[in-house]
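**Q** Each chain, written out:
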Amino acid sequence: MRCAVVVFPGSNCDRDAYHVLKNVFCLDSHYVFHEESFSPDEFDLIVLPGGFSFGDYLRAGAIARFSPVMESVRRAAELGKFVLGICNGFQILTESGLLPGALLRNRNLKFICRDVYVRVTNNRTAFTCSLQLGEVLRLPIAHGEGRYFVPWDQLKVEQIVFQYCDEHGNVTDEANPNGSILNVAGIINERGNVLGMMPHPERCCEEILGNTDGRKIFESLIAYFSWRKEHVAD
Amino acid sequence: MYRVRVQILPKEGVFDPQGYTVRGALEKLGFDGVKEVRLGKLIEILMEAEDESHVRSLVSAMCDRLLANPIVETYQLLDVEEVP
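Going down the list, the sequences are from chains A and B. Using the numbering used here, read the first sequence as starting at 86 and increasing by one per residue. Using the numbering used here, read the second sequence as starting at 815 and increasing by one per residue.
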């Protein structure tokens, strides 16, 4: 499983993502600079990390969308390669049209940096196949523009993968940190190979950090890949 | 040379927490009649172009591609002014 972590000017979770892929899960991992391009079959997983690409000027992710590397990401996604956008990466994916909807200023206008609980609403994806339906994960968030919005006709319910919830898994308005529609914390495209999420799984993959719930997302991908290697001819 | 002003506002129906907060502040100051406030962006562009209609079509294209997000925002060219 060959992984890429895209580095935009202003990415600040690129090293965390690279560290987790390379050192925690021992995957063949590479940085790709925003001005570079790659061939669609060069990587199996492409991570768009968190941060503030191009300063988040105008709108979060709006300028990064036009980076040369995004054409490669788009072609890889069309080929069925997996793309994981975390926080700013999620914003870039919606701005680029690879995922529906938009991410707006948080309801309370504050930058929120704390742990939240999310409920696995769809475990029939490569990113969540090792999780139980309804399983609750504790994951950190750190964003000012994380309020997901989408017109009703542009998102199918099964595309919602994670919803903000309380520690018991109840999806309530009180448990919604940023005012996202339907408590959405992460969505996937219809084809099931592009996931965007506001929480940071790469920040909670090691015991030393006090939380390893983020591991399950990477473990799902690894489990899916090994299953596919055995059962599906390329 | 032309100076163009583009106004970008959150779409009707998209909650605008900045506008909501400002409306609350106005109410506290005693301005009772204010029903809604929406906050957007004003972008001023200084540009070379052949003529005004060319400016308008270029700036509309800029809005469609980058300046506004059509899912949550609307845009309007407020004025196009020829400047020396």
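These are computed hints drawn from the structure, not numbers from a lab. Since the structure is predicted, the reported quantities are computational estimates derived from the model, not experimental observations. Misleading hints may appear alongside valid ones.
What the hints assert, rightly or not - Derived SDA-like pairs: lysine to any residue, alpha-carbon spacing no greater than 25 Å straight-line:
(1) B:Lys842 x B:Leu853
(2) B:Lys825 x A:Gly254
(3) B:Lys825 x A:Phe196
**Q** Hints numbered earlier in the text: which of these fail when held up against the supplied structure?
**A** The structure breaks only hint 2.
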